[in-house]
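Let chain A serve as the given structure and place chain B on it in line with the hints.
Going line by line, the protein sequences match chains A and B.
Here the working numbering is used: the first residue of the first sequence is 1, the next is one more, and so on.
Here the working numbering is used: the first residue of the second sequence is 66, the next is one more, and so on.
Note that these hints are calculated values from the structure, not bench results.
Warning: the hint list may mix true and false statements.
[Unchecked claim] Using C-beta positions, here's what the derived DEER-type ranges look like:
1) A:1 x B:120: 38 to 46 angstroms
2) A:36 x B:122: 55 to 63 angstroms
3) A:5 x B:398: 19 to 27 angstroms
4) B:220 x A:43: 28 to 36 angstroms
5) B:146 x A:9: 42 to 50 angstroms
Positions of the beta carbon are idealized from the N, C-alpha and C atoms, including for glycine.
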Amino acid sequence: MHRIEIDRNLCSGFGACADLAPDIFELEPGGTASVRAGESDDPRVLDAAAACPMAAISVIEIQAA
Amino acid sequence: MKQPQSVLIVGAGLAGARCAETLRAEGYDGRITLVGEEPTAPYERPALSKEFLAGERSASDLLLRPPTYWSDNGIELVLGWRVDIIRRRRDETVVIATGARARRISLPGAATAHVLRTLGDAIALRDELRPRRRLAVVGGGFVGAEVASTARRLGVDVTMLEAEPTPFAATLGVEVGDALARRYRKHGVDLRTGVRAVALAPNRVDLADSTTVSCDAVLLAVGAEPARELVGDGLDECGDVAGGPGHWASAAAAGVAAARRILGLDPLPAQPPFFWSDQFGLRLQLVGDPLAAAAVECEGTDESFTARYFVRDGRLVAALAANRAADIAAFRRELALAA
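The shape of chain A in the complex, shown without the other chains:
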């Protein structure tokens, strides 16, 4: 299980995360990304974090409850 955090200071709305994992990330009208679900076991969150050009997405491994 992963906890997903977006650094809103860094996020600049590139949107690669929302393309790679649209059910987890979305772009808000103001242009910054937000996380639809704060936790996920979908491996695409790792792709999205790696693809973020701003290095704004942190993925923290957590123990499933």
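What follows is chain B alone, placed relative to chain A:
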């Protein structure tokens, strides 16, 4: 692929930090040492010209990671040391991620001017930005424009000195450059174009036409140059030190890529270059590389516009959104299709 016993990363900017983080995230369990010349743990450099100068965020707000992150992840952070000579240990990989430094052109008095690249530079410049003080900005690029914008908000009188007839014309095209120039003037910047500085002093800039701009502080903002002193055989290079656009996003990607090379992992799919700038109430976001463009198509108003850049055969190579954040994702996809 056999992994090295230890990795030494010289340079604790974004590229070096991302390299170290990625090594650990991908399961590397050898020794990682990250050495930085600045006394500060890896931080958000882009904020220096904006929120930090404006006093809206403090130095500790800019840290990329919480202070305990590095030791928690077994990354030895060595700060405040400049590396002059590298003697590689057996079975050690060395990554040079020394980045870039502010360019100082060879003008008389150039050493007396402020530059803006490091947190230390920003602290020194911040002390100068007080209401009704006069700041002369030599160079009409992104750093100069962002500092000018912050300074105007703080009530500083700003004179911007640009050598070309239009700022940003060479990078973004004349139409966008004109729109930005109008914006600077509307925000009270005394923008002087087609002027060349010939000498700098702490309180004045002498121009080639024999006139002088009097001021209380000078910012020399004429770009950055790679810090390549340590680059050599058998050392991995990553980030701005290796050339390239020198943008935050490309440094981040370079750090990840270096870590993956060391571990023998496949590279990640390339992303188009991405750059953004906040200035005078405009958020500019640029995807792709407009330098090769032969034609520009603009749409919108001075408050909110887009520009699309095409090479001669009609292929899209870059797109700019100004206060049109919602358009960026579509531009990125369009660029990927055109590539």
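Going through the hints against the structure:
1. Checked against the given bound of 38 to 46 angstroms, the beta carbons of residue 1 of chain A and residue 120 of chain B, roughly 40 angstroms apart, stay inside it.
2. For the pair residue 36 of chain A and residue 122 of chain B, the beta carbons lie near 27 angstroms from each other, so the given range of 55 to 63 angstroms is not met.
3. Between residue 5 of chain A and residue 398 of chain B, the C-beta spacing of about 26 angstroms keeps the proposed range 19 to 27 angstroms intact.
4. Against the hinted window of 28 to 36 angstroms, the Cβ-Cβ separation of residue 220 of chain B and residue 43 of chain A comes to about 51 angstroms, which falls outside the hint.
5. Separation of residue 146 of chain B from residue 9 of chain A is about 28 angstroms and departs from the stated range, judged on CB atoms against 42 to 50 angstroms.
Of the hints listed earlier, those the structure fails to meet are numbers 2, 4 and 5, in rising order.
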